[in-house]
Amino acid sequence: MDPLFQALVDLGQPATMLTLVLSVAIGLVIGAIPGLSVNIAVALAVPLTIFMPTTQALVLLIGLYGSGIFGGSVSAILLNAPGTPASAATIFDGFPMAQQGLATKALRISLIASLYGAVFSVVLLILVAPELANFALGFGPVEIASLLLFTFFVIGILSGASLAKGLLSAAVGMVLATVGSDPMLGTPRFTFGQTALMDGLTYVPLLVGLFALAEILEEASRGFSQRIGKVSLSGEDREANRITGKDMKFIAFPMVRASAVGSAIGILPGIGATIASFLAYGDAKRSARDSSRFGKGDLRGVAASESANNAVVGATFIPTLALGIPGDAVTAILLGALVLQGVTPGPLIFVMNPGIVYTIYLTLLFSTLLMAIIGFIAVRPLAMTLRIPKIYLMPCVALVCIAGAYVARNNIVDVWVMFGAGLLGFVFNRTGVPVAPLLITFIITRPFEEALRQALTRSEGSFMPFLTNPVTLTLAALVAVFFVLALRRDLSRRKTPASSLSSEGTNHG
Amino acid sequence: MTADRVLAAVLLLGAAVYLGVLVPEVGRAQSALGSGDFYTVGPTALPTFAGTMMAIFAVAVLLMGRRTAPEVPFTQGLGGGLIFAAAVAAAAVLLPRIGFLPASVLFLAVVFALFRAKWWVALILTIVLPVVIDQILRKVFPVPLPGAALF
Numbered sequence: 084m085d086p087l088f089q090a091l092v093d094l095g096q097p098a099t100m101l102t103l104v105l106s107v108a109i110g111l112v113i114g115a116i117p118g119l120s121v122n123i124a125v126a127l128a129v130p131l132t133i134f135m136p137t138t139q140a141l142v143l144l145i146g147l148y149g150s151g152i153f154g155g156s157v158s159a160i161l162l163n164a165p166g167t168p169a170s171a172a173t174i175f176d177g178f179p180m181a182q183q184g185l186a187t188k189a190l191r192i193s194l195i196a197s198l199y200g201a202v203f204s205v206v207l208l209i210l211v212a213p214e215l216a217n218f219a220l221g222f223g224p225v226e227i228a229s230l231l232l233f234t235f236f237v238i239g240i241l242s243g244a245s246l247a248k249g250l251l252s253a254a255v256g257m258v259l260a261t262v263g264s265d266p267m268l269g270t271p272r273f274t275f276g277q278t279a280l281m282d283g284l285t286y287v288p289l290l291v292g293l294f295a296l297a298e299i300l301e302e303a304s305r306g307f308s309q310r311i312g313k314v315s316l317s318g319e320d321r322e323a324n325r326i327t328g329k330d331m332k333f334i335a336f337p338m339v340r341a342s343a344v345g346s347a348i349g350i351l352p353g354i355g356a357t358i359a360s361f362l363a364y365g366d367a368k369r370s371a372r373d374s375s376r377f378g379k380g381d382l383r384g385v386a387a388s389e390s391a392n393n394a395v396v397g398a399t400f401i402p403t404l405a406l407g408i409p410g411d412a413v414t415a416i417l418l419g420a421l422v423l424q425g426v427t428p429g430p431l432i433f434v435m436n437p438g439i440v441y442t443i444y445l446t447l448l449f450s451t452l453l454m455a456i457i458g459f460i461a462v463r464p465l466a467m468t469l470r471i472p473k474i475y476l477m478p479c480v481a482l483v484c485i486a487g488a489y490v491a492r493n494n495i496v497d498v499w500v501m502f503g504a505g506l507l508g509f510v511f512n513r514t515g516v517p518v519a520p521l522l523i524t525f526i527i528t529r530p531f532e533e534a535l536r537q538a539l540t541r542s543e544g545s546f547m548p549f550l551t552n553p554v555t556l557t558l559a560a561l562v563a564v565f566f567v568l569a570l571r572r573d574l575s576r577r578k579t580p581a582s583s584l585s586s587e588g589t590n591h592g
Numbered sequence: 077m078t079a080d081r082v083l084a085a086v087l088l089l090g091a092a093v094y095l096g097v098l099v100p101e102v103g104r105a106q107s108a109l110g111s112g113d114f115y116t117v118g119p120t121a122l123p124t125f126a127g128t129m130m131a132i133f134a135v136a137v138l139l140m141g142r143r144t145a146p147e148v149p150f151t152q153g154l155g156g157g158l159i160f161a162a163a164v165a166a167a168a169v170l171l172p173r174i175g176f177l178p179a180s181v182l183f184l185a186v187v188f189a190l191f192r193a194k195w196w197v198a199l200i201l202t203i204v205l206p207v208v209i210d211q212i213l214r215k216v217f218p219v220p221l222p223g224a225a226l227f
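Order-wise, the sequence lines are chains A and B. Take the first sequence: its letters are residues 84 to 592, numbered as in the working numbering. Take the second sequence: its letters are residues 77 to 227, numbered as in the working numbering.
Just chain A, same shape as in the assembly (with noise of 0.2 Å):
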């Protein structure tokens, strides 16, 4: 059977579907709370996934992530606190038309906005990702060593404030993945005589670990907070609300401008969707005629930043698609997801399973279209999920976290994998560390190691084949310009707060 309709036919099925719409529909919710992020809940959905057929699980994945970026908006709208740190410029014009008594408006532009860049950057990852696989098709075990190494240093150096702190945190996920059986000879590798060690640390507690823990642990740390946030929209004027041509045609440019500089940052691995609604917000702002109305509640403020960080989803799919390298922490939780189902992404990926590939594609546009339809429909039950305190929920959900972690092997290691892993996550939140390089590191070491022992096998231990290969060296000069600008910027800081400046490298989206 032809794969597109193959896909299409598994999509249809109704278990699929009914996980289609209650994934957008619980994406919203928790990306709507604020302290509950994308990550979170992509997080805690992966143990799940175990037990799921690959489209379904990859159903449940992508309407989570999608759904959840927009959700951010909520909040950050109505209560002046962005859902997930990707909507934080969101705040800027967002919140200020809200209290003018034009929240809804507000919601809709974004919602409309998102739903642009989401199709933008989805169109491009269907352009762009069969090439981009194509070429590298032809890529040997240097080449690969190569890409993932330049992944490596590019997402250690472009995520989070500091160029030090992404990388350190890089290399402490590369030294956790060499925890368990060598990959090339099987010699067990730090694992203590622990049996549960020797397929290594699992990924799913890891995960659940670093991302939902770790800020559970900051929550409690802020006692959790039992106030509920004060929203309500009844009081609006309908008419003052409603949407015109005249505010479509305001916003055209500058959500084309702002779903191009999404998309554009969403294939670098690393960056992600917090940084890409700022510049996107930046851009929109200087490239106006009139810039006087940002920051007061115009129109294209809110476009901007959220056409951006909806065009980041798709555009994180290219690179993890097609070389199998993470985009951004939530690509690299569903990287690993894939390969829990016994697909390998990269560009054999196109060739091999051509029908994962369409079930990504479709998932990601129907995904968009649904949150589309809810967001439209429940603006005003979404805003009332605002008023759950957290005080009941961080604590539930922390209890989800310890069944998540035990039910990926049945083991109780997991458990204490997923605990070590929170607290090293919170630790790392709380000195400016970023999280997103440990765990996509930790994800590529495993297929660095393969290809870089295989190089070097095939060589008898000689770098040459490294230092005269156009991919090595092309790829090389990238990271050293990376790290001179990246080293730049760290050298002419004086002393800014690391937080301020936190990215998706943080624990947050």
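There's no promise every hint is true.
To be verified - Okay, the calculated beta carbon distance ranges per label pair: (1) A:T557 to B:P149: 42 to 52 Å; (2) A:L574 to B:R214: 49 to 59 Å; (3) B:Q211 to A:P136: 13 to 23 Å; (4) A:V483 to B:Q152: 24 to 34 Å; (5) A:I471 to B:I212: 15 to 25 Å; (6) B:W195 to A:G425: 40 to 50 Å; (7) A:F546 to B:I212: 48 to 58 Å; (8) A:R470 to B:F217: 22 to 32 Å.
As the list claims (entries may be wrong) - A few chain B residues that face chain A, going by a derived Cβ cut-off under 8 Å, partial list only: (9) G127; (10) A136; (11) V137; (12) G156; (13) P206; (14) L213; (15) F217.
Derived from the structure by calculation, the hints contain no laboratory data. Predicted model, so just to flag it, every value in this text is computed and none were measured. By construction, the Cβ of each residue, glycine as well, lies at the ideal position given by its N, Cα and C atoms.
Position chain B against the provided structure of chain A, taking the given hints into account.
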């Protein structure tokens, strides 16, 4: 000394132990097994590279930490985080011993009591949520959580 530099110092120490004690141990284990007559890159190559990277970047954070000090003091509200972490650790200890349902009921009851939640909401969640999670995992995904010795 700021918290990020303390972390870097701890990781530097960890890298030293990793490179100085653990990696050579793997090398010795591999030597005992042998690798035949053909050339192969040993299992210590990547750990050596990873440990060296960790040491180098830990030193870099130690040197540059002052410029990128975190905004929130490390110790701010740490007590709440530690109490919650202790509750999670206790739940992990109890899970295989008394089963998921009793362990999770105790976990929620202790956390809600310590963080002063409204008693009636806490009571409902403490009783209902563990049962819901247990039943979903048992019925929808046939995954049994550790058996309940007390129920």
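- Have a go at the B:G127 hint: is there a Cβ in chain A nearer than 8 Å to its own Cβ? 6 Å, holds
- Message: Restraint: B:F217 near chain A, CB-CB cut 8 Å. Satisfied or not?
- Response: 4 Å, holds
- Message: Can you tell me whether the CB distance of B:W195 to A:G425 sits inside 40 to 50 Å?
- Response: 48 Å, holds
- Message: A closest beta-carbon separation below 8 Å is what the hint needs, so does B:G156 meet it against chain A?
- Response: 5 Å, holds
- Task: Take the C-beta atom of B:Q211 and the C-beta atom of A:P136, compute their distance, and say whether it sits inside 13 to 23 Å.
- Result: Holds, since B:Q211 and A:P136 (Cβ atoms, about 22 Å apart) stay within the stated range.
- Query: Are B:A136 and chain A close enough, Cβ to Cβ, to be under 8 Å, as the hint says?
  - Reply: 4 Å, holds
- Query: Holds or violated: 22 to 32 Å for the Cβ distance of A:R470 and B:F217?
  - Reply: Holds: the Cβ-Cβ distance is about 31 Å, inside 22 to 32 Å.
- Against chain A, with CB atoms and a cut of 8 Å, does the hint on B:V137 hold up? 5 Å, holds
- Does the Cβ-Cβ separation between A:V483 and B:Q152 fall within 24 to 34 Å? Roughly 27 Å apart at Cβ, these two residues keep to the hinted range, so it holds.
- Query: Holds or violated: 48 to 58 Å for the Cβ distance of A:F546 and B:I212?
  - Reply: Holds, since A:F546 and B:I212 (Cβ atoms, about 52 Å apart) stay within the stated range.
- Does the Cβ pair A:L574, B:R214 satisfy 49 to 59 Å? Holds, since A:L574 and B:R214 (Cβ atoms, about 57 Å apart) stay within the stated range.
- Is the gap between the beta carbons of A:I471 and B:I212 within 15 to 25 Å? 20 Å, holds
Hint compliance for this structure: no hint is broken.
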